[in-house]
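Asks: From first to last, the protein sequence lines are chains A and B.
Count along the first sequence from 1, then add 9; that gives the number in the working numbering.
Count along the second sequence from 1, then add 271; that gives the number in the working numbering.
By construction, these hints were calculated from the structure, which means they are not laboratory data.
A virtual CB, placed ideally from N, CA and C, is assigned to each residue, including glycine.
Treat the hints with caution; some may be incorrect.
[Unchecked claim] Residues from chain B shown here face chain A by an in silico Cβ test under 10 Å; the list is partial:
#, residue
1, Ser283
2, Ser301
3, Gly353
4, Leu357
5, Ala372
[To be verified] Below, computed lysine-lysine pairings styled on BS3-like, alpha-carbon distance capped at 30 Å:
#, chain 1, residue 1, chain 2, residue 2
6, B, Lys367, B, Lys341
7, B, Lys367, A, Lys20
8, A, Lys20, A, Lys66
9, B, Lys341, A, Lys66
10, A, Lys80, B, Lys341
11, A, Lys80, A, Lys66
12, B, Lys330, B, Lys341
13, B, Lys330, A, Lys66
14, A, Lys66, A, Lys23
15, B, Lys327, B, Lys367
16, B, Lys367, B, Lys330
17, B, Lys341, B, Lys327
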Amino acid sequence: DTGVSQDPRHKITKRGQNVTFRCDPISEHNRLYWYRQTLGQGPEFLTYFQNEAQLEKSRLLSDRFSAERPKGSFSTLEIQRTEQGDSAMYLCASSPTSGKNIQYFGAGTRLSVL
Amino acid sequence: TQLLEQSPQFLSIQEGENLTVYCNSSSVFSSLQWYRQEPGEGPVLLVTVVTGGEVKKLKRLTFQFGDARKDSSLHITAAQPGDTGLYLCAGINWGKLQFGAGTQVVVTP
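Here chain A stands alone, though its shape is the one from the complex:
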C-alpha cells in the first residue's frame, strides 16, 4: 500500500503525558498537512510543510504542540502535557506540489486523553 500511513492508529493517554504521532506521506509528495477532527466536526487545519520547511501554523496549534519534518519525508506531531480537550482524530495528508489542491489523507490517529 503506497498511501499515507499514520502510526499509531489509536492512542490512550493520561492527562499531562506527552504523545507523539508519526505520518509517512506518499513517496515524493512535497507537501504534508496535519489536521485535527473532533466528533461532529470536519477536519481543522493545524500546520503544513513544504519539504522540510514548516510554512504555516494555525492559531489552533498551541505552544504545547510541535510538528517536525526533518528530512522532508515523514513527519511527527508531538503534544506535550496533554489535556482532555486534545482528544480528537489527528489526520495527516500529503500532496504533490503540482497536485491542483488534491490532498490524500491517512486514516488518522485517534487520541483519547483520560
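Add chain B to chain A, keeping to what the hints say.
Replies: Coordinates of chain B only, in the frame set by chain A:
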C-alpha cells in the same frame, strides 16, 4: 469555527431513494471539493469543482457549484448502502482547505 455550513447534519434514507446535501458559505472560494469519510478512515476526495455554475457527475452522484462560487450541492440518485458515510465539503483559497462539519448519510437496505 466552520466557515462552511452543511445541511442537513444527518440524513437517513432507504435504499433506492434520492438525497441532496448542501454546502453554503458567505465566502467566495476559488474551488470547492467534496469528500466522503467512513468511520475510522480519513476523507477521500470525490470531486473538485472550479467554475461557477459547474455541474459534475460521478456515476450516481451529481455535484453543482453555485454561480457565485459560495455554495455547492451534492445529489445522490438511487442511494445504496455503500453510499453511507460522512460527506464533507471543503472550500479552497490559496491552496488551503476549509472544511464544513459534514452531513452524516445513512442508507438502509
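Asks: Quick one, are Lys367(B) and Lys330(B) close enough, alpha carbons at most 30 Å?
Replies: This hinted pair holds, its Cα atoms lying about 28 Å apart.
Asks: Assess, step by step, whether the Cα of Lys367(B) is no farther than 30 Å from the Cα of Lys341(B), and give holds or violated.
Replies: holds (16 Å)
Asks: For a C-alpha distance cap of 30 Å, please report whether Lys327(B) and Lys367(B) respect it.
Replies: holds (22 Å)
Asks: Is Lys330(B) within 30 Å of Lys66(A), Cα to Cα?
Replies: Answer violated: Lys330(B) to Lys66(A) is near 38 Å, above 30 Å.
Asks: Using 10 Å as the Cβ threshold, decide whether Ser301(B) counts as touching chain A.
Replies: Hint on Ser301(B): holds, closest Cβ of chain A at ~9 Å, below 10 Å.
Asks: Within 30 Å, alpha carbon to alpha carbon, are Lys367(B) and Lys20(A)?
Replies: holds (28 Å)
Asks: Holds or violated: Lys80(A) with Lys341(B), Cα cutoff 30 Å?
Replies: violated (39 Å)
Asks: Once the shortest beta carbon distance from Leu357(B) to chain A is found, is it less than 10 Å?
Replies: Result: holds, 8 Å to nearest chain A Cβ.
Asks: May I ask you to test the interface hint for Gly353(B) with respect to chain A, counting a Cβ-Cβ separation under 10 Å as satisfied?
Replies: violated (19 Å)
Asks: Lys341(B) and Lys327(B): Cα distance at most 30 Å?
Replies: Roughly 16 Å between the alpha carbons, so the hint for Lys341(B) and Lys327(B) holds.
Asks: Under 10 Å is the threshold here; is the Cβ of Ser283(B) close enough to any Cβ of chain A for the hint to stand?
Replies: Cβ of Ser283(B) sits 16 Å from chain A, so the hint is violated.
Asks: Please verify whether Lys341(B) and Lys66(A) have alpha carbons no more than 30 Å apart.
Replies: Holds, at roughly 25 Å.
The earlier numbered hints that this structure contradicts are 1, 3, 10, 13.
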